[in-house]
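Top to bottom, those sequences are chains U and W.
Note that the UniProt record's numbering has the first sequence beginning at 1, numbered continuously upward.
Note that the UniProt record's numbering has the second sequence beginning at 1, numbered continuously upward.
These are calculated hints, taken from the structure and not from any lab test.
Among these hints, one or two may not hold up.
Copies of one chain are not kept apart here, so a pair can be met inside one copy or by any two copies together.
Stated by the list, open to error - Below 30 Å or equal to it, Euclidean Cα-Cα: the simulated DSSO-like pairs (lysine-lysine) are: (1) 43 to 210; (2) 307 to 43; (3) 44 to 307; (4) 372 to 44; (5) 300 to 44; (6) 307 to 372; (7) 372 to 43; (8) 43 to 300; (9) 210 to 342; (10) 43 to 342; (11) 210 to 44; (12) 342 to 372; (13) 82 to 372; (14) 300 to 82.
Treat the numbers as computed from the prediction; the structure is a model and nothing was measured.
There are 2 protein chains.
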Amino acid sequence: MTKMQDDRKIVRVDLDTRSYDILIGNDLLGHAGGEILARLNCKKVAIVTDRNVGALYLDALVESLQTDGIETYTITLDPGEKTKSFDNLIAVVDGVLEARVERSDAVIALGGGVIGDLAGFAAGIVRRGVHFIQIPTSLLAQVDSSVGGKTGINAPHGKNLVGVFHQPDLVLADTSVLDTLSDREFAAGYAEVVKYGLIDQPDFFHWLEKNRTEIFSGRTARAEAIAKSCEAKAAVVAADERETGRRALLNLGHTFGHALEKATEYDSARLVHGEGVAIGMVLAHEFSARMNLASPDDAKRVAHHLKEAGLPTTMGDIDGTLPPPNILMDAIGQDKKVKGGKLTFILTRGIGEAFIADDVPPSEVLAFLTEKHPQ
Amino acid sequence: MTKMQDDRKIVRVDLDTRSYDILIGNDLLGHAGGEILARLNCKKVAIVTDRNVGALYLDALVESLQTDGIETYTITLDPGEKTKSFDNLIAVVDGVLEARVERSDAVIALGGGVIGDLAGFAAGIVRRGVHFIQIPTSLLAQVDSSVGGKTGINAPHGKNLVGVFHQPDLVLADTSVLDTLSDREFAAGYAEVVKYGLIDQPDFFHWLEKNRTEIFSGRTARAEAIAKSCEAKAAVVAADERETGRRALLNLGHTFGHALEKATEYDSARLVHGEGVAIGMVLAHEFSARMNLASPDDAKRVAHHLKEAGLPTTMGDIDGTLPPPNILMDAIGQDKKVKGGKLTFILTRGIGEAFIADDVPPSEVLAFLTEKHPQ
């Protein structure tokens, strides 16, 4: 699925008429105009970004687009998870309409997962859908959220509870922009890389154990890890675009993770998404061990690797006080991976052996959370 | 495509995995629970309605659902086009989440086009899509907006500029509820019935000319007109679900109509959607005659029939002052039926011979509007 073109990797997401390319390589930002025009007959774009990312990369992107004759309009938002709100959705929709972006034109997300999810949702609902291009600037967005068409915002009831499936027409994963990420941001994205190994690729997890330092220092292994992650995600999405089955495996660690993000009020100073997923994956392995599904040694090995990567691995690693276990349970119940009142969890039989369990007793989860709760 | 079952008609909308039935007949409201459970494994529904419709039909619907063991939750909104706003969308989304409606559950729209468009949009974005059932209570909703999956709200920039395609799982068109419609409301819906004749079924238009009084008085001809309209709509939707081509024919009269609705600030005392479409269809026929595409006699015949049905047929029929022609033009330009800066209009070569014209010169439209403008 991965092709090399000069120094670039291309991963194709196969979805019939909605198929698209993920380009992975250096200086894609500077060639955005050409790559877009090679795929879309697009006269105008609305670029959605946040202040931090915009300050670093907006000028280069706008220059590339304008050089290729594409008219640009920019919408700049506050950084952070709290930006994924109805208020900001309305602001983006309004901006896209103000720019008179037509159905043949595009919305570009220049930023991390928050910007991608929000801009993609806006692209999916303006005129009932305009073209959409992802230019992910965080590792997390490059290996996960920019691929697969899930878009959305958070609601008072929980994370990502409102959104649409709207596939991008192109993903440009420019690896050179990752050099400006903080260690904490890079590690948060790395949690999702590890996830693909834990789901069904034990060999990839072993490879990550061996190559972690090289991936973090930005050598060839980094681009390889990104391409491998995009391939893994693309395969799952192609098999189950709208998450009626297998795609749910990608939620490994996410049910616990979302509950913790809600419990910390989406305050990125305390917890970012990838960190919630890291803790969530350890909890999923520990809970699986508690249910006698997997060996406790696997949970320890996962925790060890994530900890070495600089990630939190227990609820106690989160600054400040957490709500009591019953409140965490309530957040889990409201999370969208619920069917007919029973809890659906991604559990595991060991590293690389995750599976969908749709009959998890809430009482067991509550007892487990009570045991693991730090306060 | 229409089947008879007892005294009911069933029109099937063929859309692969998203196919669904439209049931047309008396007292469907009282059998809603059984019809839903025959198709969906649904434990809970959130019913969206408006105060007027709710006062008349909500109790009967709730009783039918509860008798069949379906848990209900109701969200009641103000009547009128202004309800199709982001504020109300947020309120409905919040209510549906509060009710803990899950992916296997459903949102029900009990009302006219406004409620259907808004509730369908909410159903399309909560948890990235839950089941959706239309129980249209206006003629307009029964023959047009409840079928085909277009949902949406209005934006300051124009009507229906924000929304998704989200097909219902079932449409229950209970013809007995039409008896409580005012003459004005019934006539507004009738404009969309006439539209199907004008697009490509001249025989149906002739039949309407002969049967108008019987349709208005509620005899067998009424149910026949509704079923025929649903069939016409279902055929177009099945051929072009996402309006990449032929479906645009359903916009006959709508580009002018939407501009007039915007010009009257969606004030239903001055103009409702079907009335805008009536005037718009006459204008489309007149403009086609002006462009030497059709005979002026056809425009007169269309205007005569709509006028006899109690509908406005000229801009001068609208109470109060309209904005000047250039402002109307601006609204037309912002309307979503625009591609690459050129205007796309549905024009006609005569009754039942509508076609998509994608190269209409804005200057001709402006001159025409100036000529027809009443002030």
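Going down the list of hints, with the structure as the test:
1. Taking identical chains as interchangeable, the C-alpha atoms of residue 43 and residue 210 are never at most 30 Å apart, the minima being 46 Å within one chain and 49 Å between chains.
2. In this assembly of identical chains, the alpha carbons of residue 307 and residue 43 never lie at most 30 Å apart, being 47 Å within a copy and 43 Å across copies at closest.
3. In this assembly of identical chains, residue 44 and residue 307 lie within 30 Å of each other by CA distance neither inside one copy nor across copies; the values are 45 Å within and 43 Å between.
4. Within a single copy, residue 372 and residue 44 get their C-alpha atoms no closer than 52 Å, and across copies no closer than 34 Å, so neither meets the 30 Å cut-off.
5. Neither within a single protomer nor between protomers do residue 300 and residue 44 lie at most 30 Å apart by alpha-carbon distance, with minima of 51 Å and 41 Å respectively.
6. Proximity of residue 307 and residue 372 under a CA criterion of 30 Å is satisfied intra-copy only: 17 Å inside one chain copy versus 74 Å between copies.
7. In this homomeric assembly, residue 372 and residue 43 never come within 30 Å of each other (Cα to Cα): the closest approach is 54 Å inside a single copy and 34 Å across copies.
8. In the homo-oligomer, the alpha carbons of residue 43 and residue 300 never lie at most 30 Å apart, since the shortest distance is 53 Å inside one protomer and 41 Å across protomers.
9. Taking the shortest alpha-carbon separations for residue 210 and residue 342, neither the intra-copy value of 39 Å nor the inter-copy value of 58 Å comes in at or below 30 Å.
10. Only between protomers do residue 43 and residue 342 lie at most 30 Å apart by alpha-carbon distance; the minimum there is 13 Å, versus 48 Å within a single protomer.
11. Taking identical chains as interchangeable, the C-alpha atoms of residue 210 and residue 44 are never at most 30 Å apart, the minima being 45 Å within one chain and 50 Å between chains.
12. Taking CA atoms no more than 30 Å apart as the test, residue 342 paired with residue 372 passes inside one copy only; the shortest distance there is 22 Å, against 62 Å between copies.
13. In this homomeric assembly, residue 82 and residue 372 come within 30 Å of each other (Cα to Cα) only inside a single copy, at 27 Å, whereas the closest approach across copies is 50 Å.
14. Taking identical chains as interchangeable, the C-alpha atoms of residue 300 and residue 82 are never at most 30 Å apart, the minima being 33 Å within one chain and 57 Å between chains.
Of the hints listed earlier, those the structure fails to meet are numbers 1, 2, 3, 4, 5, 7, 8, 9, 11, 14, in rising order.
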